[in-house]
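Could you build the full structure based on these sequences and the hints that come with them?
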Amino acid sequence: MRNNNIPILKSASFGKEYFKDKYAKPALPAGSSFQHFEINRRCLWKNSIEPHRLDFYMVFLVIEGEGIHTFGLKDHYIKKNMLCFVSPDMVSAWQSESNEHQGIFCTFSDDFFNLGSVNRQFLSSLPFFQIDGNAVLNLNDEQADYYLLLFKQMLDEYEHRNEFSDNILRSQLHVLLNKAYAQYSMEAVPAATTDHAGLRLLKAFTACYMRDFNVINAGNTIELKTVAAYADELGVSQNHLNDTIKDITGKSAGQLIKAQLIKQATMCLKHSEKSISEIAYRLGYDDPSYFARYYKSQTGKSPSEFRAV
Numbered sequence: 001m002r003n004n005n006i007p008i009l010k011s012a013s014f015g016k017e018y019f020k021d022k023y024a025k026p027a028l029p030a031g032s033s034f035q036h037f038e039i040n041r042r043c044l045w046k047n048s049i050e051p052h053r054l055d056f057y058m059v060f061l062v063i064e065g066e067g068i069h070t071f072g073l074k075d076h077y078i079k080k081n082m083l084c085f086v087s088p089d090m091v092s093a094w095q096s097e098s099n100e101h102q103g104i105f106c107t108f109s110d111d112f113f114n115l116g117s118v119n120r121q122f123l124s125s126l127p128f129f130q131i132d133g134n135a136v137l138n139l140n141d142e143q144a145d146y147y148l149l150l151f152k153q154m155l156d157e158y159e160h161r162n163e164f165s166d167n168i169l170r171s172q173l174h175v176l177l178n179k180a181y182a183q184y185s186m187e188a189v190p191a192a193t194t195d196h197a198g199l200r201l202l203k204a205f206t207a208c209y210m211r212d213f214n215v216i217n218a219g220n221t222i223e224l225k226t227v228a229a230y231a232d233e234l235g236v237s238q239n240h241l242n243d244t245i246k247d248i249t250g251k252s253a254g255q256l257i258k259a260q261l262i263k264q265a266t267m268c269l270k271h272s273e274k275s276i277s278e279i280a281y282r283l284g285y286d287d288p289s290y291f292a293r294y295y296k297s298q299t300g301k302s303p304s305e306f307r308a309v
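Numbering of the sequence shown is given in UniProt numbering, commencing with residue 1 and proceeding in unit increments.
Everything labelled a hint here was simulated from the structure, so no lab data went into it. For clarity, every value in this text was computed on a predicted model and none was experimentally measured. What you were told as hints is all true, and nothing was included just to trick you.
Label-pair distances were calculated between CB atoms; the ranges are:
1. K80 x R211: 22 to 32 angstroms
2. S302 x K16: 30 to 40 angstroms
3. D141 x E223: 34 to 44 angstroms
4. F19 x N119: 32 to 42 angstroms
5. K16 x T299: 25 to 35 angstroms
6. E233 x F19: 30 to 40 angstroms
7. R307 x A182: 45 to 55 angstroms
8. K80 x M210: 21 to 31 angstroms
9. S252 x S13: 30 to 40 angstroms
10. D141 x G254: 22 to 32 angstroms
11. K179 x N239: 37 to 47 angstroms
12. Q121 x V215: 42 to 52 angstroms
13. S289 x E100: 22 to 32 angstroms
Using 20 angstroms as the maximum straight-line C-alpha spacing, the simulated SDA-like pairs for lysine to any residue come out as follows:
14. K74 x W94
15. K20 x E66
16. K152 x I168
The beta-carbon is built from N, C-alpha and C at its ideal position, and this holds for glycine as well.
Printed below as a string of structure tokens:
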């Protein structure tokens, strides 16, 4: 049964839900036939995107970064060299598990894609756009380079668009989807789904430590638990928690927490006017000098050097 509480994002509300605050969607030229088309970089995505549905299609290429993406009834652990597909009305959600993300995405409506098309059922017939299909393709380096070049060509056309760009972008989009369809059909090696107990445990663990990190947004001091305490809260052993998370992410539970700590520290240093000492205390460090040394060991810059850039 459809969950009517999950919002449907239209093109006007898409940017607000997906992108960081400073992102501004470029205006489309008057009279354009873009109904809807957009292409941009994945580094603009928020770290967490709540469950939703789109009223258009999305295709994105992952070049760097990892996280959990929900596609319909399936969850995938998304990482480098994956090509992913979201269809209209498919439930989608995102939770980052790394500090940096690189890649390109494009979104488009069937009206844009099908303009002038004889076969208007092509989009809906593609296996990776089916609600119960496999929405992720694993790529080798050569394949990823091919799609990246195509995405970059589309991005360049979009950023310098003129009266010919609609048709050019539509043609490039046809090439991308036909290439993906051919690869999907011939190789039949879609990414394994991870809608199992291990990924559910990773999602629950992420929710626990993110809950504790989020208190800093209300002006409070972070009080992070040990990995053992999080394991106890989740009803599993510390070893099981670490082993499960490492099998999926390649990192231990403690490493994920430390990575989020650095991410939170960087956000505070960039967007807050508080002193470095106060930020250190808010992040749970009693010794600001230790915080500064640790931050530099992880990022290559001290907090003061980061702020000076």
